[in-house]
Structures are given as C-alpha cells and as structure tokens.
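Colleague: Mapping the sequence shown onto the numbering used here, position 318 (from 1) lands on 318, and the numbers just tick up by one.
Just so you know, these hints were derived from the structure itself, not from any lab. In this text the structure is predicted, and so the values were computed from the model without any measurement. Any given hint could turn out to be false.
Heads up, simulated BS3-like pairs for lysine-lysine below, C-alpha to C-alpha not over 30 Å straight-line [said to hold, decoys possible]:
#1 Lys355 / Lys289
#2 Lys398 / Lys232
#3 Lys141 / Lys123
#4 Lys289 / Lys59
#5 Lys263 / Lys369
#6 Lys330 / Lys259
#7 Lys263 / Lys201
#8 Lys259 / Lys201
#9 Lys141 / Lys355
#10 Lys201 / Lys232
#11 Lys232 / Lys259
#12 Lys157 / Lys398
#13 Lys157 / Lys232
#14 Lys123 / Lys355
#15 Lys59 / Lys157
#16 Lys232 / Lys330
#17 Lys59 / Lys141
#18 Lys355 / Lys309
#19 Lys123 / Lys59
#20 Lys398 / Lys259
#21 Lys232 / Lys263
#22 Lys60 / Lys355
Label pairs and their calculated CB-CB ranges [what the hints assert, rightly or not]:
#23 Gly101 / Gly347: 19 to 29 Å
#24 Ala295 / Asp111: 42 to 52 Å
#25 Ala69 / Lys398: 41 to 51 Å
Glycine included, each C-beta is placed from N, C-alpha and C at the ideal position.
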Amino acid sequence: MKFQLSAMTILCSTLLLSSCAQTMQATSNNLAELNTADRVAQQYIIVDTHIDVPYRLHKKWEDVTVATANGEFDYPRAQQGGLNAPFMSIYIPASYERTGGGYQLANQLIDSMEALVARAPDKFAMASSTQQVLAQFGSGKISLAMGMENGTPIEGKLENLQHFYQRGVRYITLAHSESNHISDSSYDIRRRWQGLSPFGKELVVAMNNIGMMIDISHVSDDAFYQAVAISKVPVIASHSSLRSYTPDFERNMDDDMLKALAKNGGVIQINFGSSFVTRQANQYNALRKAAAQQAGVEDNQAFREAYSKTHPYPFATLDTVLDHIDHVVKLVGINHVGIGSDYDGVGDSLPIGLKDVASYPNLIAGLFKRGYSEEDIVKILSGNLMRVWAEVEAYAAKQAS
Numbered sequence: 001m002k003f004q005l006s007a008m009t010i011l012c013s014t015l016l017l018s019s020c021a022q023t024m025q026a027t028s029n030n031l032a033e034l035n036t037a038d039r040v041a042q043q044y045i046i047v048d049t050h051i052d053v054p055y056r057l058h059k060k061w062e063d064v065t066v067a068t069a070n071g072e073f074d075y076p077r078a079q080q081g082g083l084n085a086p087f088m089s090i091y092i093p094a095s096y097e098r099t100g101g102g103y104q105l106a107n108q109l110i111d112s113m114e115a116l117v118a119r120a121p122d123k124f125a126m127a128s129s130t131q132q133v134l135a136q137f138g139s140g141k142i143s144l145a146m147g148m149e150n151g152t153p154i155e156g157k158l159e160n161l162q163h164f165y166q167r168g169v170r171y172i173t174l175a176h177s178e179s180n181h182i183s184d185s186s187y188d189i190r191r192r193w194q195g196l197s198p199f200g201k202e203l204v205v206a207m208n209n210i211g212m213m214i215d216i217s218h219v220s221d222d223a224f225y226q227a228v229a230i231s232k233v234p235v236i237a238s239h240s241s242l243r244s245y246t247p248d249f250e251r252n253m254d255d256d257m258l259k260a261l262a263k264n265g266g267v268i269q270i271n272f273g274s275s276f277v278t279r280q281a282n283q284y285n286a287l288r289k290a291a292a293q294q295a296g297v298e299d300n301q302a303f304r305e306a307y308s309k310t311h312p313y314p315f316a317t318l319d320t321v322l323d324h325i326d327h328v329v330k331l332v333g334i335n336h337v338g339i340g341s342d343y344d345g346v347g348d349s350l351p352i353g354l355k356d357v358a359s360y361p362n363l364i365a366g367l368f369k370r371g372y373s374e375e376d377i378v379k380i381l382s383g384n385l386m387r388v389w390a391e392v393e394a395y396a397a398k399q400a401s
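Could you build all of it, start to finish, from the sequences and the hints given here?
Modeller: Here it is, written out as structure tokens:
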C-alpha cells in the first residue's frame with residue numbers, strides 16, 4: 001500500500017519542525033541569559049540594604065551558616081545568589097518607644113550578628129565601612145553591615161548615636177510604624193512633629209558629622225523633605241518602592257520625592273514585597289478585613305485561611321519589581337536606584353521569581369532583557385549605594401579633621 005504525503009501534512013510537519021527549532025532557540029537564549037546573570041552576580045558586589053535576619057533569629061533561632069528550612073536568607077543561598085554585603089536590620093518594633101527597652105534590644109541584636117561571625121569566621125565578617133566591603137569581596141565571606149530600623153534606641157541622647165556607630169551601625173531609619181521622639185511616621189495619622197522633632201533635626205546633623213547614613217524609609221512626607229533639606233550628604237531610602245504603583249500608600253515615595261532625592265544625590269533601594277509594588281497586594285488585607293466585617297465575623301486565622309481559598313493572595317512578579325526600577329531610571333536616572341529587598345521582613349508576600357537571596361540572578365537577567373547594560377546593572381546592584389556610603393564617610397572624615 002502506497003502512502004502519499006498531502007500538502008497539508010508536509011506543511012504541518014514543516015511548522016512543527018519550525019516550532020521545535022524556535023523553542024530550542026528560546027531555551028538556548030534563556031540559558032545564555034541565566035549564565036550571564038550568574039556571572040554578573042558572582043563577579044560584582046551585591047549590596048542589599050535591608051534583610052531582617054537579626055529579628056527573625058531573635059523570634060526563632062536557626063543556624064543560617066547552613067541551609068535553613070525557613071526564611072529567605074542563609075549562607076548557601078546567599079552564595080548561590082551572589083550576595084556579598086547585606087545590611088542586617090537591627091529592627092526595633094514601634095512599641096518600644098512607649099515601653100522602653102529599645103536600647104537593650106538593639107544591643108542584643110547586634111550581639112547576635114557578632115556571635116554569628118565569631119561562630120563562622122570562614123563564612124561571615126562584619127563590615128562597617130566601604131573599604132571593608134571591598135577588601136572582603138572575593139574571600140568567600142559575606143560582609144555583614146548593619147542598619148538600625150527605627151531610631152527609638154537613640155532615646156534622645158547623642159551619646160547613644162556614638163555608641164551604635166561604634167558598634168557598627170551605619171544607617172538609621174528615623175522612625176518605623178509609629179511616630180517616635182525623632183520623626184513622624186508615614187503609617188501614623190498622629191503628626192506630633194509635623195515632620196522631624198527638634199531633636200530629630202539635631203540628630204540628622206549629628207548623623208552627618210559622625211558618618212551615619214540617614215534612612216528616610218517609613219517617615220512622613222514632611223519628615224522626608226526636612227531631612228533632605230538639613231542633610232549635607234545624600235540620604236537613602238533603604239527599603240521603599242513607588243507610590244505611583246500604590247496610590248495613597250504614603251510609606252512609598254512619590255515622583256516629587258524621587259526628584260528631591262536625586263537632587264540630594266541619594267538612592268532609593270527598591271523593596272520587593274508584593275504589597276509595596278502592586279496596588280492589588282497593597283489593598284488585599286483591607287479588602288479581607290472588610291469582607292470579615294460584612295460577614296459579621298472576626299478577621300482571625302480561620303477566616304483568613306478560608307478567604308485565601310476563594311481570594312488567593314495576588315503575588316507580584318519579577319517584572320513588577322523591574323517596573324519600579326524602570327520608573328526611577330526614566331524619571332531621575334540610573335544613579336539613584338538599588339536593592340532593599342526586605343527579605344525575612346515581609347512574610348509570605350515576596351514576588352514570583354524573587355523568593356529568597358538566591359534570586360538576584362533572576363533580577364539581573366530581567367534587567368538585561370529590559371536593555372540595561374552591565375555597567376548600569378552594577379550601579380543598581382551596589383554601585384549607587386556604595387557611592388552614597390562613601391560620600392557620607394568622606395564628609396564625616398572632613399568634619400573630624
């Protein structure tokens with residue numbers, strides 16, 4: 001029996017082969033992009049200005065020198081992702097402003113980072129200067145810098161600023177989720193100071209003089225503008241994103257603030273948390289609470305689990321985070337954006353593709369796909385933040401001379 005191929009069969013076969021070839025080419029391109037991203041991640045310094053390991057371990061200890069079952073940070077994953085210099089967040093809950101004890105907790109969290117280094121000196125090293133970060137790069141050690149999230153432990157005493165500087169803290173987030181003795185908070189409807197307190201204004205000057213970066217994440221808009229006006233050196237937003245994607249979320253920065261930050265020479269370190277980068281995720285908790293109220297039930301764990309089955313949490317994606325980076329670059333230029341992931345600090349809300357510290361190559365690959373050059377990507381990974389940090393160091397050295 002003879003078998004004749006119809007024109008349609010031949011056409012279909014040709015299309016199938018073409019599709020297969022396209023798929024193979026796309027796979028090959030993706031592998032090449034990932035290999036390039038991995039190379040960049042390992043070849044250059046990556047600075048992430050906000051990772052909440054200290055408070056995570058304070059609540060439930062795990063050995064982050066080895067792979068951990070929980071959290072987003074441990075040594076193996078950091079090595080895989082190319083992370084060299086994470087700023088460990090010395091996080092002090094806002095309630096400590098009322099109850100006291102913030103100074104003690106801050107010292108305990110710093111102690112825990114020093115203990116980690118002492119226990120694994122082949123894997124971790126403290127870093128309190130740009131020179132230490134540079135010197136330790138390539139050693140296999142992860143440089144642990146520190147930033148204090150919430151200025152409550154300063155307790156209105158400039159000698160406490162000196163104390164924490166000597167202990168290695170290199171930025172202070174002036175306030176957190178409630179206003180404190182330094183600054184109004186973006187989350188707090190009570191605007192006691194209409195920006196910075198008198199002591200807060202004095203503290204900004206003292207931070208400049210000592211070489212402590214000023215972090216304006218969490219503060220009110222008025223406090224931001226006052227801090228920028230007073231500071232003689234660039235400021236940072238250690239873990240913030242953009243209000244243009246999350247309308248009415250004052251915790252993020254609007255375009256006018258970005259322009260003021262750029263004029264100051266500062267840098268915004270983009271927060272990866274879904275609620276920081278998409279409106280849907282930002283409003284999710286409010287919508288759930290409204291649904292509980294309408295149903296006449298408590299917004300407890302049982303209700304949350306039931307609600308999530310019919311209303312899954314709207315996780316952001318890698319592309320969403322890249323949109324924020326793009327927006328900053330288009331508005332004020334490549335020199336004013338970096339990474340402040342908030343790993344271990346935003347719970348189960350991290351974007352698809354950026355779930356832990358092994359994920360930085362995904363971000364790099366995404367930046368390449370969007371047309372960023374290797375030089376520009378290095379600025380985002382660490383160059384911009386290191387520039388600001390070095391300027392802060394140089395200004396303080398000049399004041400001391």
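Colleague: Evaluate each hint against the coordinates.
Modeller: Evaluation of the provided hints:
Note on Lys355 and Lys289: the hinted pairing holds, with a Cα-Cα distance of about 26 Å set against a maximum of 30 Å. Only pairs whose Cα atoms come within 30 Å are accepted, and Lys398 paired with Lys232 is accepted, the gap being roughly 12 Å. A C-alpha spacing of about 4 Å is found between Lys141 and Lys123, which places the hinted pair at or below 30 Å, so the restraint holds. Between Lys289 and Lys59, the direct Cα distance comes to roughly 26 Å. Compliance with the 30 Å bound is thereby established for this hinted pair.
Annotation: proposed proximity of Lys263 to Lys369 holds, straight-line Cα distance about 29 Å (limit 30 Å). For the hint pairing Lys330 with Lys259, the CA-to-CA distance comes to about 11 Å; that is within 30 Å, so the pair holds. Only pairs whose Cα atoms come within 30 Å are accepted, and Lys263 paired with Lys201 is accepted, the gap being roughly 20 Å. Note on Lys259 and Lys201: the hinted pairing holds, with a Cα-Cα distance of about 22 Å set against a maximum of 30 Å.
Annotation: proposed proximity of Lys141 to Lys355 holds, straight-line Cα distance about 22 Å (limit 30 Å). The straight-line distance between the Cα atoms of Lys201 and Lys232 is roughly 12 Å, inside the 30 Å bound, and the hint therefore holds. With a C-alpha separation of about 17 Å, the suggested pairing of Lys232 with Lys259 holds against the 30 Å cut-off. With a C-alpha separation of about 23 Å, the suggested pair Lys157 and Lys398 falls inside the 30 Å cut-off, and the hint holds.
Restraint check for Lys157 and Lys232: the C-alpha separation of about 21 Å stays at or below 30 Å, so the hint holds. At roughly 22 Å between alpha-carbon atoms, Lys123 and Lys355 fall within 30 Å of each other, so this suggested pair holds. Taken as a hint, the Lys59 and Lys157 pair is honoured in the structure, with Cα atoms around 28 Å apart against an allowance of 30 Å. In summary, the hint linking Lys232 to Lys330 is supported, as the alpha carbons are separated by about 26 Å, within the 30 Å threshold.
In summary, the hint linking Lys59 to Lys141 is supported, as the alpha carbons are separated by about 25 Å, within the 30 Å threshold. A threshold of 30 Å between alpha carbons decides the hint, and for Lys355 with Lys309 the separation of about 21 Å falls inside it, so the pair holds. For the suggested pair Lys123 and Lys59, the alpha carbons sit about 23 Å apart, so the restraint of at most 30 Å is met. With a C-alpha separation of about 27 Å, the suggested pairing of Lys398 with Lys259 holds against the 30 Å cut-off.
Taken as a hint, the Lys232 and Lys263 pair is honoured in the structure, with Cα atoms around 12 Å apart against an allowance of 30 Å. For the given pair, Lys60 sits about 20 Å from Lys355 by alpha-carbon distance, which is consistent with the 30 Å threshold. Distance hint check for Gly101 and Gly347: the Cβ-Cβ separation is about 24 Å, which falls inside the suggested range of 19 to 29 Å. Judged by the Cβ atoms, the range 42 to 52 Å given for Ala295 and Asp111 holds: they are separated by roughly 46 Å.
Hint check: Ala69 to Lys398, Cβ distance near 48 Å, so the stated range 41 to 51 Å holds.
The earlier numbered hints are all upheld by this structure, with none contradicted.
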